[in-house]
Amino acid sequence: MYDVSYRRAGTVPGAVETFSQGDDPKYVAGGQTLIPTMKARLAAPSELVDVSRIEDLIGICEDGDRVIVGASTTHAAVHADPLLGRLIPGLAALAGNIGDPMVRHRGTMGGSVVNNDPSADYPAALLALGATVRTDRRDVAADDFFVDMFETDLEEDELITAIAFPVPKRATYAKFPNPASRYAMVGVMVAELADGSIRVAVTGAGSSGVFRWREAETALAATMDAAALDGLSVDADEMLEDLHGSGEYRAHLVGVMAKRAVNALS
Amino acid sequence: MTQVSMTVNGKAVSAEIEDRTLLVAFIRDHLGLTGTHVGCETSQCGACTVHVDGAAMKSCSMLAVMAEGSSITTIEGLAPTDDTLHPVQEAFREHHGLQCGFCTPGMIMSATDMIRRYEGRLDEATIREQLEGNLCRCTGYHNIVKAIAAASETMASSGMTDEGEADTATAAS
Ligand SMILES: Cc1cc2nc3c(=O)[nH]c(=O)nc-3n(C[C@H](O)[C@H](O)[C@H](O)COP(=O)(O)OP(=O)(O)OC[C@H]3O[C@@H](n4cnc5c(N)ncnc54)[C@H](O)[C@@H]3O)c2cc1C
Ligand code: FES
Ligand code: FES
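Chains as they are written, first to last, in the working numbering: chain S, 1 to 266; chain X, 1001 to 1173.
Where hints are given, some of them may not hold.
[To be verified] Straight-line Cα separation of at most 20 Å, EDC-like style, residue types lysine to aspartate or glutamate; simulated pairs:
1) Lys-39/S <-> Glu-1041/X
2) Lys-39/S <-> Asp-1029/X
3) Lys-39/S <-> Glu-17/S
4) Lys-26/S <-> Asp-1019/X
5) Lys-39/S <-> Asp-1019/X
6) Lys-169/S <-> Asp-148/S
7) Lys-39/S <-> Glu-1018/X
8) Lys-26/S <-> Asp-1083/X
[Claimed, not checked] Some chain S residues judged to face chain X by a derived CB distance under 7 Å, without partners named:
9) Tyr-6
10) Glu-151
11) Leu-154
[What the hints assert, rightly or not] Using C-beta positions, here's what the derived DEER-type ranges look like:
12) Asp-139/S <-> Glu-1129/X: 28 to 38 Å
13) Thr-223/S <-> Ala-1125/X: 32 to 42 Å
14) Glu-1094/X <-> Glu-238/S: 47 to 57 Å
15) Leu-42/S <-> Pro-1080/X: 38 to 48 Å
16) Asp-1053/X <-> Ala-194/S: 32 to 42 Å
17) Gly-1010/X <-> Ala-194/S: 44 to 54 Å
18) Gly-231/S <-> Ser-1158/X: 29 to 39 Å
19) Gly-22/S <-> Pro-1080/X: 37 to 47 Å
20) Asp-3/S <-> Gly-1054/X: 39 to 49 Å
Hints listed in this document are in silico derivations from the structure and should not be mistaken for laboratory results.
Note that CB positions come from ideal geometry on N, CA and C, so glycine has one too.
So here's chain S without its partners, still in its complex pose (with noise of 0.2 Å):
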């Protein structure tokens, strides 16, 4: 790892002005992301502003018909929170298989949404969810948030606050994980809303990264029953294709993740 100077923010304007202050400076978090691809030295920013230690970033509350989830609350906190464990079970559930039981330790929720990994799992639940990325100086909607893998509408020095999710009537995820690294090869979160509106997100498949599986939606909005997507197919040749899985075989992956989430509903 190259050098590299460390502080730590005690609130959201002192992190914000912190940073300002930096050459080359970068957030940190759970690090789980960023301290592995620093010392790979894919990643060399001069200074670091931890942001895991804010008080008003951790924690999960209920605000009207939405849970609010500080950036900074980690993996295991989500996924044993009894709040969010009775009113979306699914998110909860999402988060006790992100990686393993130390990545779920420190890594954030934040860091994870601001890293927009293509095959990571929170992205689909935000988009699913149709949440709102709350910042140091903006709210944006998931819709506009992710832009293209590793890509976010965030600013430079825009530190994300919170996710706030509405709560749905009801919303699964169906992950098949990447047997090595535990990563979605595909995941997708199913998720009927407040409305009765249907969404369908998918992660770890698409060559741009998330992406709402309209088609999908449509269908089970119509009839919500898995086999109302039989015969619905993403194009094999707008998917991932690495040394873990082709185009086409992400692409079938696709259909049988969704209609697992759809089998899970209830």
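Following the hints, complete the assembly by docking chain X with the ligands onto the known chain S.
Just chain X with the ligands now, kept in the frame of chain S:
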């Protein structure tokens, strides 16, 4: 350089280190506690697992400065005295849960963490799933799983898991 202070295995420690120092390097090179191993250095293998404020984490994937003020437990700090073993260590010996031993410190730190979270209620499938972050190149895992199941039972029946923080959602899923 930054001055860091933390508690390691019950002892207060403090040192001036480069900010980029990994926690595992601090533990091994600065404190001389070489029981914590470095297997992959790429966050995959779990050989470097320690407890930070009671929860298992990969010490190769965090900076020492991130643990400022924390309480760390390493494999050296598990057994109550120098000539006794912690029940999980004892179970690994009893059930032949190791061959070369390289993964063992990490396995044991993960095992004690999962037994705490599940309050000693662990079945084989759960143990295997919870060992996702620990790789072993020798044993094929069977005896590791057996050892953890046995230790979990011993600890539950002797009341050692009572203080465990319930990870309710995990236990229910
Ligand atoms: C072995 C292993 C397995 C994994 N498996 C999975 C998996 O199955 N599924 C999955 O989804 N992920 C997986 N991950 C990734 C993990 O979930 C990471 O925790 C997550 O991607 C990043 O969160 P973090 O808090 O660690 O972020 P960091 O690594 O600290 O930061 C990531 C990026 O976000 C920025 N950042 C962090 N917080 C903020 C904020 N509040 N505002 C603005 N910018 C911010 C940082 O500058 C950095 O660019 C795995 C990781 C490992 C090491
Ligand atoms: S050395 Fe830390 S995970 Fe392998
Ligand atoms: S006993 Fe050799 S790596 Fe596990």
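**Item:** Hints breached by this structure
**Value:** 3, 6, 8, 10, 11, 18, 20
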